[in-house]
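Number of protein chains: 2
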Amino acid sequence: MVPTLTWTPEGVRFIDQTKLPLEESYVLATTYDQVADAITTMVVRGAPAIGVSAAYGVVLGALKTKAATAQEFAPEFERICARLAATRPTAVNLFWAIDRMKRLFAKLAGSGVPLVEIQQKLLAEANTIYDQDIASCRAMGAFGADLMPDEGGVLTHCNAGALASCGYGMALGVIRSAVERGKHLHVFVDETRPFLQGSRLTAWELMADSIPTTVICDNMAASLMRKGRIQGVVVGADRIAANGDTANKIGTYNVAILAREHGIPFYVAAPWSTIDLATATGDAIPIEERPAREVTHYAGKQVTPDGVGISNPAFDVTPARYITAIITERGVMRAPYTESLKEMELVS
Amino acid sequence: MVPTLTWTPEGVRFIDQTKLPLEESYVLATTYDQVADAITTMVVRGAPAIGVSAAYGVVLGALKTKAATAQEFAPEFERICARLAATRPTAVNLFWAIDRMKRLFAKLAGSGVPLVEIQQKLLAEANTIYDQDIASCRAMGAFGADLMPDEGGVLTHCNAGALASCGYGMALGVIRSAVERGKHLHVFVDETRPFLQGSRLTAWELMADSIPTTVICDNMAASLMRKGRIQGVVVGADRIAANGDTANKIGTYNVAILAREHGIPFYVAAPWSTIDLATATGDAIPIEERPAREVTHYAGKQVTPDGVGISNPAFDVTPARYITAIITERGVMRAPYTESLKEMELVS
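For the record, the sequence lines run as chains A and B. Using the working numbering, read the first sequence as starting at 1 and increasing by one per residue. Using the working numbering, read the second sequence as starting at 1 and increasing by one per residue.
The hints are simulated quantities; they were obtained by calculation from the structure and are not laboratory data. Everything hinted at is true.
Since copy identity is lost for identical chains, a pair holds within one copy or between any two.
With a cut-off of at most 25 Å between alpha-carbon atoms, the simulated DMTMM-like pairs for lysine to aspartate or glutamate come out as follows:
no. : residue 1 : residue 2
1   : Lys227    : Glu261
2   : Lys301    : Glu23
3   : Lys64     : Asp16
4   : Lys301    : Glu24
5   : Lys301    : Asp16
6   : Lys64     : Glu125
7   : Lys227    : Asp283
8   : Lys183    : Glu151
9   : Lys66     : Glu10
10  : Lys19     : Glu294
11  : Lys227    : Glu151
12  : Lys227    : Glu294
13  : Lys102    : Glu76
14  : Lys107    : Asp131
15  : Lys227    : Glu288
16  : Lys227    : Glu289
17  : Lys64     : Asp99
Just so it is clear, the structure is predicted and the values come from calculations on it, not from any experiment.
Based on the provided sequences and hints, a complete structural model is requested.
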């Protein structure tokens with residue numbers, strides 16, 4: 001199991017995803033501020049993983065407070081949550097996890113529970129979110145495996161794997177589960193510019209599991225599809241609106257269009273915490289713009305002329321009509337998503 | 001004018017396109033073998049530019065021979081042409097230029113012209129190909145400018161610019177010509193992995209001409225199209241089959257699909273020498289597979305895990321049905337291309 005993030009008595013230990021695959025090093029965040037920095041700088045990334053990280057960030061903030069009572073701590077708690085929520089805007093799992101911690105705190109503080117006990121309950125809650133994340137990935141994998149071809153090529157974009165979660169992964173969980181059932185899949189991995197989550201992280205994970213893997217540049221997918229090398233696409237998600245529109249890593253929308261053009265099914269695998277029924281459509285999902293340097297520099301070396309304009313949106317929105325099915329731990333949903341998401345919300 | 005390649009008394013002087021944009025350095029090829037190496041290693045690249053380079057390579061081979069007569073030189077001439085033709089398989093301009101030199105040599109040698117005179121006539125022929133290339137780009141630009149929007153965003157992929165030709169450029173010639181006519185274009189440049197011809201070369205050219213430029217990763221185009229930021233796409237070509245199917249830099253087919261999906265016109269600009277009426281459809285165009293290292297490494301630094309599979313086709317084929325128009329120095333052609341190409345062949 002890839003140790004994406006681990007709670008320790010000293011703080012949260014992250015595998016440094018900016019250094020993979022050549023260097024397997026770890027970063028220990030001992031304050032909530034350091035957790036926030038780890039999220040912003042993408043030491044840890046992936047919607048479910050940053051949600052769990054933020055929950056542990058809240059725990060660290062609570063454990064390190066100098067306040068003596070819950071009441072005294074309350075305004076500081078708000079600041080901690082606000083700092084963690086301000087790290088990245090698109091993945092809704094971040095806000096979902098922070099809200100869960102907030103609700104627990106409000107309930108306990110309102111019931112007069114002593115601060116020391118609240119601290120322990122917040123840690124237990126973060127641990128539960130962590131455990132549930134792994135369980136969700138396993139369930140998604142089981143549901144999604146049925147949808148994978150018995151043999152053939154499957155394309156994935158970015159990293160919706162163990163490194164984007166607490167283990168097993170979403171899109172890669174589906175692939176892992178299909179392979180465990182004896183399906184013969186060859187995974188084509190979009191390198192995923194500019195941060196190269198595909199060539200650096202997804203390829204590393206899949207090779208560790210001995211799953212046949214070929215890395216391609218993002219612009220090679222259509223050519224492979226036309227040659228009949230790809231039988232399915234499976235990706236993760238950062239936020240799914242009530243109508244099924246899905247925000248995911250920049251380039252996902254490109255892949256979805258190409259898949260439909262070639263008659264290839266396009267699947268999204270994400271935990272229920274990625275679904276944001278409060279957001280009506282993809283147009284309302286905020287899209288993070290990342291620093292230009294991610295595009296202008298490659299492995300520390302400048303590749304563009306000085307001063308050229310750069311666009312670096314970290315995500316795009318794939319309209320629901322391109323999505324063959326959405327795979328969650330509760331089951332598989334199909335269009336019309338406004339109905340299927342609402343129905344599935346009642347299941348739990 | 002960008003000095004892509006220049007004939008000098010010592011040989012062919014190339015701007016080293018592997019070093020741009022940060023370093024403007026030059027390579028002097030004094031033998032046909034060095035010209036062949038410059039083509040293979042992409043010191044010079046772009047379909048028209050490698051055609052002209054090969055013609056000058058033939059000249060260098062002819063000038064340096066120890067043969068005393070055309071008859072004695074003939075088998076060596078064949079070897080020179082074969083070496084230059086073996087550099088890269090996809091761009092037909094390479095074979096077109098070599099064939100043109102071959103036909104001239106056969107005619108002169110068959111007429112008993114002395115070798116020293118043949119050498120001078122081969123050089124004159126290469127110079128003519130060079131001059132015609134620039135004139136073609138200017139003519140393409142004039143025809144294509146009409147097709148550009150009066151204002152708005154235009155996307156281009158790879159570099160079909162002055163650096164891919166002897167000057168002015170094909171796709172970038174169309175853009176330059178439109179801007180010279182007062183059209184207000186903002187050019188979005190796909191960085192074009194893995195060799196980054198877009199972010200390194202096209203951005204450098206456009207900035208030198210003060211044309212507003214934004215570099216994007218290849219996977220960002222669909223998102224910009226959806227936001228209404230792109231009003232047209234113009235790209236170059238490495239080979240156009242008799243039915244209009246067009247081989248061009250890998251990723252062109254992706255862009256063509258995305259453009260059609262968003263109702264955006266998709267134009268190909270290429271000199272007539274890129275059109276290969278002897279090849280019926282795109283399926284018959286050979287596609288070069290480039291070294292894996294172009295994907296696994298950048299600036300000497302490895303970015304993928306050891307031993308991962310890599311696919312690195314240098315080109316893809318865009319079926320004719322995605323192409324709004326093909327712009328050549330003879331005029332603009334539209335579907336059905338089998339007819340329009342045949343008709344235009346009679347024009348000259």
